[in-house]
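Visitor: With the hints as your guide, set chain B onto chain A.
Residue numbers (the working numbering), protein chains in the order written: chain A, 116 to 472; chain B, 116 to 472.
By construction, these hints were calculated from the structure, which means they are not laboratory data.
Quantities reported herein were computed from a predicted structural model and do not represent experimental measurements.
Incorrect hints may have been included.
For identical chains, the list gives no copy identity; a pair is met inside one copy or between any two copies.
Okay, derived cross-link-like pairs now, DSSO-like style, lysine-lysine, Cα gap no bigger than 30 Å in a straight line [what the hints assert, rightly or not]:
{"#": "1", "residue 1": "K401", "residue 2": "K253"}
{"#": "2", "residue 1": "K172", "residue 2": "K157"}
{"#": "3", "residue 1": "K308", "residue 2": "K357"}
{"#": "4", "residue 1": "K366", "residue 2": "K157"}
{"#": "5", "residue 1": "K172", "residue 2": "K409"}
{"#": "6", "residue 1": "K172", "residue 2": "K253"}
{"#": "7", "residue 1": "K172", "residue 2": "K117"}
{"#": "8", "residue 1": "K308", "residue 2": "K401"}
{"#": "9", "residue 1": "K332", "residue 2": "K401"}
{"#": "10", "residue 1": "K157", "residue 2": "K253"}
{"#": "11", "residue 1": "K117", "residue 2": "K253"}
{"#": "12", "residue 1": "K332", "residue 2": "K117"}
{"#": "13", "residue 1": "K157", "residue 2": "K308"}
{"#": "14", "residue 1": "K172", "residue 2": "K308"}
2 protein chains.
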Amino acid sequence: MKTIILSAEDIRTIVTAVGLDTLMDQTIDALYTTCRHYDDDKYTIPIRRGFNYHHPKPGLLEWMPAMQNGSTASLKIVGYHPANPVEHHLPTILSVGLTFNTETGHFIGLLDATFPTALRTGAASAVASRILAAADTKVLGLIGAGAQAISQLHGLSRVFEFEDVLLYDIDRSVSNSFRSRAAGLQLHGARIKQASLVDVCRNADILCTVTSVATGKGPVFQDVDLKPGLHVNAVGSDFPGKIEVPRSLLKRSFVCPDFREQAIHEGDCQQLSASDIGPNLIELVKSADTYTEKRDDTTVFDSTGWALEDHILIEILMHHAHALGCGTPVQVESIADDPRDPYSFLSTEDRFNIKAL
Amino acid sequence: MKTIILSAEDIRTIVTAVGLDTLMDQTIDALYTTCRHYDDDKYTIPIRRGFNYHHPKPGLLEWMPAMQNGSTASLKIVGYHPANPVEHHLPTILSVGLTFNTETGHFIGLLDATFPTALRTGAASAVASRILAAADTKVLGLIGAGAQAISQLHGLSRVFEFEDVLLYDIDRSVSNSFRSRAAGLQLHGARIKQASLVDVCRNADILCTVTSVATGKGPVFQDVDLKPGLHVNAVGSDFPGKIEVPRSLLKRSFVCPDFREQAIHEGDCQQLSASDIGPNLIELVKSADTYTEKRDDTTVFDSTGWALEDHILIEILMHHAHALGCGTPVQVESIADDPRDPYSFLSTEDRFNIKAL
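Chain A with its partners taken away, still in its complex shape (with noise of 0.2 Å):
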């Protein structure tokens, strides 16, 4: 009973022949339909937890349970460091997933998960603002050009045909390598632009917040000058004390989080009292004809990151790779002829010659 190891060169496989933008179609279309039938029997997912440090870098390393009650269970690991990118050319967000029967607790697979990190965060998104956001939506505003701001393009650009692409970035090095970055994105003749914070704010149709601002050191912007309907998708907060959205425009705006218990822990709902806060992604969701009465008013999607779109991207990744034939599978439990022997996966001849030393 083996499991199935994916290698990032499995992972390219198996975006290069279903296509990134496929596959990023099918995680907004699972999202969306996972949350129109959820049903608290269907799953179980408890709120995340982790490792937070200052030594020898900040940094913060936490795992994202997921359940299919009766079927499986996925557990991400994720580490956020933001001196990754300068100090050691690495990702801010490394992550793994990993995936386990239920029925026996097998391991049944282990895949990188540093870019469905990225994929399904850009798929919560057009989720979320395909509902929230205007329908005639022209101009997408980006505050933080990192990684996580070319997945939010990504997924927005699937639901909504921008005109506009502004960009603002406290890095002017970073802002100036996003358009070599999205230049794999189809993105239908949308002009990307760098341009100031205030310009940003004041002509966004949709804004996203993808900083890693200090904690303690937001919000990202100002409460001013921006238009009526504007909706926000605040991806960066994710931490105690970590905010990008002013207070005043979250108390004035219609606010659905991913995961309520998790906002109100370390997303902008951090700042709002429980009435202050609205519906969550799956209350939105399936109430979501209702829901997009809310365009014409200024809406806040507070996205800290929820297990259950890893395990969802997980589970079709998986899928991808059974049909691909990708992936190595690997002996990693040691398990051998006697389920009741921890030790018989050492044949006999090992085992005396342990004896023998």
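Guide: Frame of chain A; chain B shown alone:
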């Protein structure tokens, strides 16, 4: 930056090269030394959490994190599915371990933790028993003769020279096969005998409870006719409502949990109030000289299974793997030229192929 995947075969190579007994001795020594020098600033070990379910079969899937601050973090995922041996010819406990670099979040290694879980549980009982059990211990009693009984015998036999090993299991076929399963262990002539539950309890100097008793169905023996200086290793109680040791025995004994918060929640300490519970394993080892005075009393080590034990053994096994050149380096994380582009693991050609689809 690759991840080392240790297959079951790699673990077998390590155990064969190092020696099963040497590995047990190293684990006992490392656990003892780590406890002896333990400092809250050195480690962060939260209580484990998990999914507990009844469908499709009763089961438990838990994650056990531990971090050596400023160095590595480990995560063990462990499944407990008591129907496995009979219905799937699989061990009750299946497990995998992962280790991460906390400077970057890089996923360093993956390995089986099924065998290590058994080994470290035996090692923990050995550490506690060396302090709390009578020095002239001659008789080991085992209630439950499954996989964990093997490693209890193994760990304890590295510290004590038993004359008799008495065993009882409610399933006669399990006790019948115990002797052949234990054949690989060096027992210095100890006689392995099946006995009635009453005789196991009456004659034991050290008693290990290693059962899959159902919640609400314990204890698994009676507080009758026990030796005055009996030491109990209560190993099987690791679930809310699951208990093995009679409350009256706990009440009159010196009780040492491996990890207090966890033992109160899911160990035999569930039956006690806080004031009835003695030092945890760290405190026991730190003041080992003082606590050997308790050898004349009845003593209980409430072993729920502790992430520090797993962390230590994962480190030992990764160290041996490195020294022996075992394991397969796999590029799991999708990392490419640009850490700010989550899609940069795709070649330019792949992206343009995708565009062309």
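Visitor: Next, verify each hint and record whether it holds.
Guide: Cross-check of the supplied hints:
When the C-alpha separation of K401 and K253 is checked against a cutoff of 30 Å, the pair qualifies only within one copy, where the shortest distance is 26 Å, while the shortest distance between copies is 66 Å. Taking the closest pair of Cα atoms, K172 and K157 come within 30 Å of each other only across two copies (16 Å); inside a single copy the shortest separation is 39 Å, beyond that limit. In this assembly of identical chains, K308 and K357 lie within 30 Å of each other by CA distance solely inside one copy; the values are 27 Å within and 62 Å between copies. Taking the shortest alpha-carbon separations for K366 and K157, neither the intra-copy value of 33 Å nor the inter-copy value of 42 Å comes in at or below 30 Å.
In this assembly of identical chains, K172 and K409 lie within 30 Å of each other by CA distance neither inside one copy nor across copies; the values are 42 Å within and 44 Å between. In this assembly of identical chains, the alpha carbons of K172 and K253 never lie at most 30 Å apart, being 40 Å within a copy and 52 Å across copies at closest. Within a single copy, K172 and K117 get their C-alpha atoms only as close as 37 Å, which misses the 30 Å cut-off; across copies the closest is 21 Å, which meets it. Taking the shortest Cα distances, K308 and K401 never come within 30 Å of each other, neither inside one copy (36 Å) nor across copies (63 Å).
Proximity of K332 and K401 under a CA criterion of 30 Å is satisfied in neither setting, with 35 Å inside one chain copy and 43 Å between copies. Within a single copy, K157 and K253 get their C-alpha atoms no closer than 38 Å, and across copies no closer than 52 Å, so neither meets the 30 Å cut-off. Taking identical chains as interchangeable, the C-alpha atoms of K117 and K253 are never at most 30 Å apart, the minima being 49 Å within one chain and 42 Å between chains. For the homomeric pair K332 and K117, neither the shortest alpha-carbon distance inside one copy (47 Å) nor that between copies (35 Å) is at most 30 Å.
Taking the shortest alpha-carbon separations for K157 and K308, neither the intra-copy value of 44 Å nor the inter-copy value of 48 Å comes in at or below 30 Å. With identical chains, the CA atoms of K172 and K308 are never at most 30 Å apart, being 33 Å at best within one copy and 56 Å at best between copies.
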